[in-house]
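Chemist: With chain A held as given, fit chain B onto it using these hints.
So the protein sequences, as listed, match chains A and B.
So in this note's numbering, spot 269 of the first sequence is number 269, and the numbers just go up one at a time.
So in this note's numbering, spot 163 of the second sequence is number 163, and the numbers just go up one at a time.
Don't read these hints as lab results, they were simulated from the structure.
Note that the coordinates shown come from a computational prediction; the quantities given were computed from them, not determined experimentally.
Even for Gly, the Cβ is constructed at its ideal location relative to N, Cα and C.
It cannot be assumed that every hint is accurate.
What the hints assert, rightly or not - Here are the simulated distance ranges between beta carbons:
hint, chain 1, residue 1, chain 2, residue 2, range
1, B, LEU187, A, LEU131, 42 to 48 Å
2, A, LYS45, B, GLU104, 24 to 30 Å
3, B, HIS37, A, ALA140, 30 to 36 Å
4, B, LEU180, A, HIS257, 26 to 32 Å
5, A, LEU131, B, PRO107, 43 to 49 Å
6, B, HIS37, A, LYS83, 19 to 25 Å
7, A, LYS45, B, LEU184, 42 to 48 Å
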Amino acid sequence: MMSMQILHRWLAAIVGLQLFIWVATGLAFNLIDSQHLNGNHYRQKMTAPPVDTASALAEPSQLLLQFPTQTVSAITLDNVLGKALYRVTSDKGKFGFWATDLSPVKLEPDQLKQLALSSYSGSGQVIAIELANDVADKYAASSALYRVDLQDERNTHIYVDATTAEVVAHENWGSNLKQLLFMLHFMDYLPDNGVSFNHIAIRIVATIVLLLGISGAILVIRKLKHGQYRIGRAHSENNTLILLSPDNEPLETITIHHSGMLDALNHHKERIRTSCGGGGQCGMCRVKFIDHPPLATDQDRSKLTDDQLNDGIRLSCQHQAMGGCVSLVNAAQLRHYIKLSSILD
Amino acid sequence: MVIMDIDFIRGKHLTHKATLTIPTDKTLISIGEVLRHFPGATRVNLYPSANEPRYQVVLADRVIFISAYNGQPVQQVTQAEAALMVNQVFNGSTNAMTAKLVTENAPSELNPRLLPVWQFSINDTVNTRLYISATSGMLVTQRHDYWRLFDIMWMLHIMDYEDREDIHNPLLSLMSLLALMTVLTGLALVFVAFANKPSERS
Numbered sequence: 001m002m003s004m005q006i007l008h009r010w011l012a013a014i015v016g017l018q019l020f021i022w023v024a025t026g027l028a029f030n031l032i033d034s035q036h037l038n039g040n041h042y043r044q045k046m047t048a049p050p051v052d053t054a055s056a057l058a059e060p061s062q063l064l065l066q067f068p069t070q071t072v073s074a075i076t077l078d079n080v081l082g083k084a085l086y087r088v089t090s091d092k093g094k095f096g097f098w099a100t101d102l103s104p105v106k107l108e109p110d111q112l113k114q115l116a117l118s119s120y121s122g123s124g125q126v127i128a129i130e131l132a133n134d135v136a137d138k139y140a141a142s143s144a145l146y147r148v149d150l151q152d153e154r155n156t157h158i159y160v161d162a163t164t165a166e167v168v169a170h171e172n173w174g175s176n177l178k179q180l181l182f183m184l185h186f187m188d189y190l191p192d193n194g195v196s197f198n199h200i201a202i203r204i205v206a207t208i209v210l211l212l213g214i215s216g217a218i219l220v221i222r223k224l225k226h227g228q229y230r231i232g233r234a235h236s237e238n239n240t241l242i243l244l245s246p247d248n249e250p251l252e253t254i255t256i257h258h259s260g261m262l263d264a265l266n267h268h269k270e271r272i273r274t275s276c277g278g279g280g281q282c283g284m285c286r287v288k289f290i291d292h293p294p295l296a297t298d299q300d301r302s303k304l305t306d307d308q309l310n311d312g313i314r315l316s317c318q319h320q321a322m323g324g325c326v327s328l329v330n331a332a333q334l335r336h337y338i339k340l341s342s343i344l345d
Numbered sequence: 001m002v003i004m005d006i007d008f009i010r011g012k013h014l015t016h017k018a019t020l021t022i023p024t025d026k027t028l029i030s031i032g033e034v035l036r037h038f039p040g041a042t043r044v045n046l047y048p049s050a051n052e053p054r055y056q057v058v059l060a061d062r063v064i065f066i067s068a069y070n071g072q073p074v075q076q077v078t079q080a081e082a083a084l085m086v087n088q089v090f091n092g093s094t095n096a097m098t099a100k101l102v103t104e105n106a107p108s109e110l111n112p113r114l115l116p117v118w119q120f121s122i123n124d125t126v127n128t129r130l131y132i133s134a135t136s137g138m139l140v141t142q143r144h145d146y147w148r149l150f151d152i153m154w155m156l157h158i159m160d161y162e163d164r165e166d167i168h169n170p171l172l173s174l175m176s177l178l179a180l181m182t183v184l185t186g187l188a189l190v191f192v193a194f195a196n197k198p199s200e201r202s
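Isolated chain A (complex conformation) (with noise of 0.2 Å):
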């Protein structure tokens, strides 16, 4: 029977601080307006002026013949920063050429912050430049991926790809926590991952964290079919508990202010210790029911013989309170209420 409730406990001690990661996250996503994480914050539609048509410009099959080996999917023409480019798409990635020679396109620092603040709707300065080939490969960009740094309330970064010419993302906190979150819901924590929630590592957590349902799953199912659930306080008359020492002298009679018998019995001071604080771990709190025993849980089970459990002594902690005698069961448990009650007197 305490198999099912071992392998529970265990499963939970193996899988639960990432399921609270995964339900914390998901919270997170859950209350915290999009808006927040949006890394477009101060993104705008770059404006489109007609291509430049003043010079001659080459054709795009002579741009096709540069690519013998390759099978382009794509030559666009485009407009950027006053000078029309050709951006070609082939299986090998995405390669940019001024349209009038055909050169290759490579923005000096200036053209970079010009075409990253052409992206930009908020009023932040530009104070620094660096090359972020590091995460190139997040953003399906080339080695020569630039960040732009912009002075402004949500540390606004563009990054900038300077072969294509292209602004490849806008981030800022938002976006930068949105990420931390993202890696923490998908427990990506190799850096190399990419955003990844297919990996080996996930798919453990998540069948343990399976089996962690369906193990407590089948313990509420048992749990309810021995009755040991029970809604609310039991209807009682008698609302006063009468505590016994071992040898049924009595000791103190307490009136109930809860509905568990534990915190009945401890009402204002702690006239029965337990380690467990009542999680029915640690079988201190047993105490002998004189009259009308409740039926035994399995946690009475587990920590009680059944010549204990026909006495009528339960762990106090997993039944509810309900008037009538209930006895201390050894000499231990009688020091303590005695030490007790001297101290306070």
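Modeler: Relative to chain A, chain B alone:
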């Protein structure tokens, strides 16, 4: 969801686009010619359709598609051309394929912004459907039963049982809060259970 590979769900294995390349055998009409014809063009994109290379011309208020061989405008991609595209990119048999032009009321598995499209039902065991843009003639997306299953799981995941897209719904807030309390109390119990050595039966 973590078991099902996301690229598989997106149907990456269903198609291959590597064969689509701009042909170099015939002369294309000059880009200068295109720009003279459409002086307001802000962007011009040359791409290979199933029939011929085409120019996609982006104007301030609309997008126009013209043949790169003869400059003829392409109003709408024909079923025959769209079927040709499917045959070029689909990894499998298209013998039982049926086609339907969708111009409004996009099916729930398709982003309405992609309309109009030719919907090709492959009628295979996983009900694969390929969507070909009726304006550009290019493959826009592919769907199969595993995608649809994943979409149901996503609905269960975010508890938006109507539109399957609102992650900020109050039901999810409530259930997540309850779940968080459950996990925290559960963790406390685990801590208690392992912090105290089990007492012996007496």
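Chemist: Does the structure break any of the earlier hints, and which numbers would those be?
Modeler: none
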